[in-house]
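Colleague: Protein chains in written order, with the numbering used here: chain A, 94 to 380; chain B, 755 to 1047.
No lab work stands behind these hints, which were simulated from the structure alone.
Among the clues, some could well be false.
[To be verified] Lysine to aspartate or glutamate pairs mimicking EDC-like chemistry, simulated, CA-CA at most 20 Å apart:
hint, chain 1, residue 1, chain 2, residue 2
1, A, LYS181, B, GLU1000
2, A, LYS181, B, ASP1007
3, A, LYS181, B, ASP964
4, A, LYS148, B, GLU919
[To be verified] If you anchor each label on the Cβ, the simulated ranges turn out as follows:
hint, chain 1, residue 1, chain 2, residue 2, range
5, A, LEU204, B, ALA997, 20 to 30 Å
6, B, LEU829, A, PRO208, 57 to 67 Å
7, A, GLY257, B, ALA923, 52 to 62 Å
8, A, ILE363, B, VAL808, 27 to 37 Å
9, A, ARG173, B, SER925, 29 to 39 Å
10, B, VAL808, A, VAL210, 23 to 33 Å
11, A, ILE363, B, ILE818, 54 to 64 Å
12, A, PRO208, B, TYR758, 54 to 64 Å
[As the list claims (entries may be wrong)] Just so you have them, the derived chain A footprint on chain B, three or more residues with Cβ under 8 Å:
hint, stretch
13, 823–837
14, 841–849
15, 880–888
16, 949–957
Even glycine gets a Cβ: it sits at the ideal position worked out from N, Cα and C.
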Amino acid sequence: MELFFEQLLNGIAMGSIYALLTLGLALVYGILRILHVAHASVYTVGAYMGLFLYKLTGSLLICVIGSMASCALLGVAIERFAYYPLLKYPPYVPLIGSIAVMLSIEELCRLIAGPDVLTFPAELPFPAIRLGGINISSALMAIYCITAVILVLLWYITSHTELGLAMRATSQDIAIADAMGINSHFIISITFVIGSAIAAIAGILVGIYFNQVYPTMGYVPAYKTLALIVVGGLGSVPGAVIASLLLGFAETLLIGLVEIPLPRDALAFIAMIGVLMWRSEGLLGSR
Amino acid sequence: MSSYVITIGTVIVIYAIAACGLNVIIGYAGQVSLGHAAFVGIGAYTAALLSTKVGSSFWISLPIVLAISAIFGLLLGLPSLRVREDFLAITTIGINFIVEAIFNYVPFFGGALGIGGIPPIALFGAKLKGFAFFYLCIFFLLIVLAACWWFTRSWAGLACFALREEESAASSMGISPVRFKLLAFVVGTCMAGLSGALNAHYITFISATDFSFPFSILLLCMVVIGGMGTLWGPVLGALILGALPEIFRPIVDYRILFYTVMLLLMIRFQPGGLLGENMMVRRVLAKILPGVR
């Protein structure tokens, strides 16, 4: 039973990390209708920048803020160079462009930082707690708290601020939003800033939680998060979060307790193909 | 010519066959498939299992390989009827990951160790090596190109072009999307299967990671750089991407970066590819020699 709860806690943590990554993807899909595969490379860069700044300064705060800022810049650069000029083509053209960006950044990380797995020996300033015989480590607590704060903040921004209103307007129709006096290109860039900064946090959290940072850490998440936004309902942020949490549970619980002959990473894709074939609007999507 | 050049040439020709198949699906029918490596893998594993477990020769297993590739092409082409464009692309990415996982985890397919000891192809009792195998691959590439050429000239090809340009308009003209999309998938995956079978008998060893997603991307690069929907584009793409890393041997570490940056620049500035519509070569020529079209 204890094992079950520990697996459950790990499942929530995995799900939270997936959610942080998938959020950015869902935001971008909502506004540009582009599958932003390169988002996972932003997350890799976030982990590397965080590690670099942490080793340089020893301060976790500088590490997080610096990494968020550089990832936000990278996200906007990707949007300006690779996506915005390609919007007039069929959707597979920016998708291929995105895959190319993703692989190039992954290679750059490998060439600059080396192919080895680096450790991220940082302690997160969160208390470890003990609930009825079950330990929740400080890393797990950090993941839960940070994810919850980000989700609440994001919900507040999109539903209660003028910026959120402009973002929703742009995602419904770019041309009409422009006509209403919204600088839609600026709003698109802001969306990339928000998504990429969250990806940086996800990168740092994963780096500390698994104590690993390596160039291909974004390879499987890149495509798994695509599957997740499809399962959640494209462009639906709450759907993406729910799908991420469910996958986190499914991966840790099913693999931990039941013997499945398939690798863990195939699960998301099987769920995705099922959803696409039978309920293509996803869990929370609307047609 | 040294055996080194022949080896590179053979690999390029085998790549080109698979790229031509991908071109039928993406370029002619407009169905974005990012899981083509899975079909090459299905062909390679079928050929490998037939020769190592049953002991059949390449010439007997070839029709079986083509048939099995066609069946899987038909099955995995079915999603293209349900989902379109970028959704189809991520569905095929998913298929690629699942197929690779099955090859990697099911003991029947050799698991993580793969399948070794595949015999080379024999013709009239003589084992084909070096030049002879190269000519055999060229022979198959010519057949594939002839099939592609015939496809673009046939009614089926025209129907596929119409579906690629505007599906609803084409289907209102009486062109069945189901028939011609699936036809394109079957033709494309047959070529992938052929490429896989040649690959398995040439290298004599295969494992699941040979057919993982990055190989799909490599094939896609070839088609995009050469020119989607053109006859010679995939061959040119295979030649460029196959030969360049050999020419730039000293910078072998930067090879993947080079591929991906090239793909990015290509898709950003010339989405039609080197030989595609509004091609760069023609634009440059028109600038140098005005009046030449």
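Colleague: If you test the structure against every hint from before, which numbers come out violated?
Modeller: Violated hints (numbers, rising): 1, 2, 3, 4, 6, 7, 10, 11, 12, 15 and 16; every other hint is consistent with the structure.
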